[in-house]
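**Q** Here is how the chains run, residue by residue.
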Amino acid sequence: MLKSADNFCRQAVLYFIFIWFGIMVFAPNLLVLLASFLSRDPVWMLRLPLNLQNYRALADTKLLTVILKSLNLAFCTTLFCLLVAYPFTYFIARFAKEYRALFLMLIIVPFWTNSLIRNYALISILGDSGIVNSFLIKCGLISQPLKLLYTNLAVFIGMTYTLLPFMILPLYAVLEKLDRSLLEAAEDLGAGATAAFFRVVVPISAPGIVAGCIMVFLPALTLFYVADILGGEDSAVVGSVIRDQFTVVHNWPVGAAINIALTLFMLLLLHLYYKSGNSVDQEQPIW
Amino acid sequence: MEKPSVPLLELRNITKFFGANKVLDDIDLVVNDGEFLTLLGPSGCGKTTLLRLIAGFERPTTGKVIMNGKEISHLPPNRRMVNTVFQQYALFPHMTVFDNVAFGLRMKGLGKEEIETEVFRALEKVKMNMFYLRYPSELSSGQQQRVAMARAFINNPKVLLLDEPLSALDYRLRQEMQIELKELQRDLGVTFVYVTHDQEEALAMSDRVAVLNEGLIEQIGTPIQIYEEPKNMFVAKFVGEINAFDGMVIKVGENDFETIVEGMFYRLRKPTTFEVVRGAKIKVLLRPEDMVVSKVNDPEAEAPENALRGVISFLVYKGRTIDLWIQTAGGNMVMATQFFNEDDPDIIYAVNDVVNVSWIKDWEVILPDA
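So the sequence lines, in the order shown, correspond to chains S and R. With the numbering used here, letter number 176 in the first sequence gets 179, and the count goes up by one each step, no holes. With the numbering used here, letter number 168 in the second sequence gets 169, and the count goes up by one each step, no holes.
By construction, these hints were calculated from the structure, which means they are not laboratory data. Possibly wrong hints are sitting among the right ones.
[As the list claims (entries may be wrong)] With a cut-off of at most 20 Å between alpha-carbon atoms, the simulated SDA-like pairs for lysine to any residue come out as follows:
(1) Lys113(R) with Lys278(S)
(2) Lys109(R) with Phe201(S)
(3) Lys278(S) with Met96(R)
(4) Lys180(S) with Ser138(R)
(5) Lys109(R) with Leu185(S)
(6) Lys109(R) with Ala198(S)
(7) Lys109(R) with Lys100(S)
(8) Lys180(S) with Arg175(R)
(9) Lys278(S) with Tyr136(R)
(10) Lys180(S) with Lys109(R)
(11) Lys271(R) with Asn256(R)
(12) Lys278(S) with Leu134(R)
(13) Lys100(S) with Phe19(R)
(14) Lys109(R) with Leu186(S)
(15) Lys278(S) with Phe200(S)
(16) Lys109(R) with Phe200(S)
Hey, can you work out the whole structure from these sequences and the hints?
**A** Here it is as structure tokens:
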């Protein structure tokens with residue numbers, strides 16, 4: 004009796020997960036994929052016939068420039084986030100348990116404020132009469148305010164600030180579980196601190212690194228409001244282009260096609276990672 | 002003239018504090034080349050800390066670790082000629098068996114071909130060469146244990162440190178691995194310092210055993226010395242089962258003395274370790290297997306000389322032996338292990354049987370009653 008009830012619950016949960024994935028993940032992506040093959044309609048937005056014309060828009064040089072610049076920004080953001088987050092997280096994970104919880108809390112607290120507002124706050128820091136410039140002028144290091152706001156640097160700072168926690172949290176998940184005795188074993192076998200770090204800690208935390216990079220890279224390509232708030236005229240990201248296609252130009256099929264291209268690009272990167280043999284973790288990827 | 006031989010490893014006046022907590026208290030220990038030394042003690046006695054001090058994971062608060070006459074207390078683990086087999090093995094989960102075992106050699110910068118030869122030689126010694134492509138997660142705990150061994154001894158350490166390496170294995174496998182480890186140690190000729198809380202393991206494998214308690218070495222000696230001649234009550238009780246009787250010295254002779262134990266008069270051989278004086282309280286210790294039990298057919302009859310009268314209150318049949326718990330007239334519980342004797346009809350015991358209990362003369366251990 005009990006066993007069948009248990010079984011029923013398990014089945015129910017499984018079905019729920021499948022249905023949830025179906026509705027929330029599979030169906031929307033399928034709709035976007037479908038839209039990318041449809042034609043533009045001024046009233047209904049989408050109409051038949053099916054065609055491949057929308058993907059031809061990707062070859063547009065203006066669009067390609069934006070995409071390349073955006074990729075560059077996303078790459079820099081991801082790399083910088085990784086370089087900052089890794090040592091930071093590594094040391095947090097070494098702290099005593101009660102401190103770890105506090106630090107994690109401090110990382111999560113800013114999430115309670117809307118990220119739009121947090122990016123607006125950056126304006127008052129980076130602006131001509133903002134904190135950074137007033138400080139530098141007071142110190143006498145510069146006489147004229149530096150042009151920080153409305154530049155690609157400002158977008159980079161905004162992206163890094165917004166996305167850093169997304170790098171820290173997956174890294175924390177793997178580094179917290181790292182068995183200290185593995186480091187001791189490496190030392191015991193003749194490895195210095197550097198060798199132990201690169202041969203043991205980094206490979207074991209690879210799943211966290213990959214997860215963190217994905218969680219930073221993709222948003223860094225698409226967070227158009229950061230570029231809108233902090234960027235200048237040529238600070239558009241891929242996300243801005245997609246947004247424009249949907250809400251300004253009203254060309255849904257092209258917007259969908261760019262989106263699909265982005266997804267395929269991400270899948271390609273993942274595929275390359277697993278092909279490269281760096282996937283040292285025996286378990287399934289954690290995302 | 003022959004040079005005085007320097008011991009392989011010496012620990013001199015080692016004291017270790019963790020905060021205000023004294024974990025090791027003025028430890029002096031010499032490890033000889035090629036021996037199998039076991040640090041035995043209950044959890045929290047400091048045995049693992051002592052091992053970690055030798056490995057270099059901990060620094061002594063005071064005192065010195067000396068190897069081949071040179072102090073190594075300040076050296077980090079990667080610059081000591083010792084290797085460790087960790088309690089949970091600490092195999093690198095992202096490396097194959099081969100890469101795990103090769104790790105130490107790669108750190109030394111050996112050539113590819115040399116590494117390959119050495120790794121397979123080491124794996125063969127622990128019968129794991131078939132598994133060189135497996136990951137640790139694909140191995141049983143017994144197999145992981147062998148890989149951890151190979152990974153450590155491949156580096157030709159002067160001392161191999163083993164931190165309860167068998168504790169994760171089930172009973173049967175533990176028995177097998179005890180023999181294998183001992184054989185491996187003989188084969189390699191490497192000095193082993195072995196940490197365990199399992200006294201059976203310690204007695205079975207070691208050349209010498211150091212019994213630790215609360216940061217102190219209570220006794221150090223061969224397994225036979227530790228078991229047969231415990232120096233104090235802690236060692237007596239921790240290593241094996243023991244019956245401890247309270248006694249009072251009433252008369253001291255030249256080679257023996259007279260005492261009252263459990264209300265019975267006994268003449269016992271004088272101990273060599275301390276002076277018995279009249280009126281002193283003593284402990285008379287006896288292993289269960291040294292007890293002699295005989296069934297009493299007529300409970301009204303007096304107990305013979307040197308025997309205690311008791312009632313079996315509990316018994317455990319163990320196949321080769323039978324363990325009896327006997328409640329004596331004096332109110333003590335005495336444990337006696339009897340070996341089966343085909344010719345002896347008396348061996349069939351039952352609860353509530355009345356028995357006489359004595360022991361094989363001169364097999365008792367006398368300690369002062371602290």
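**Q** Hints numbered earlier in the text: which of these fail when held up against the supplied structure?
**A** 1, 7, 8, 10, 15
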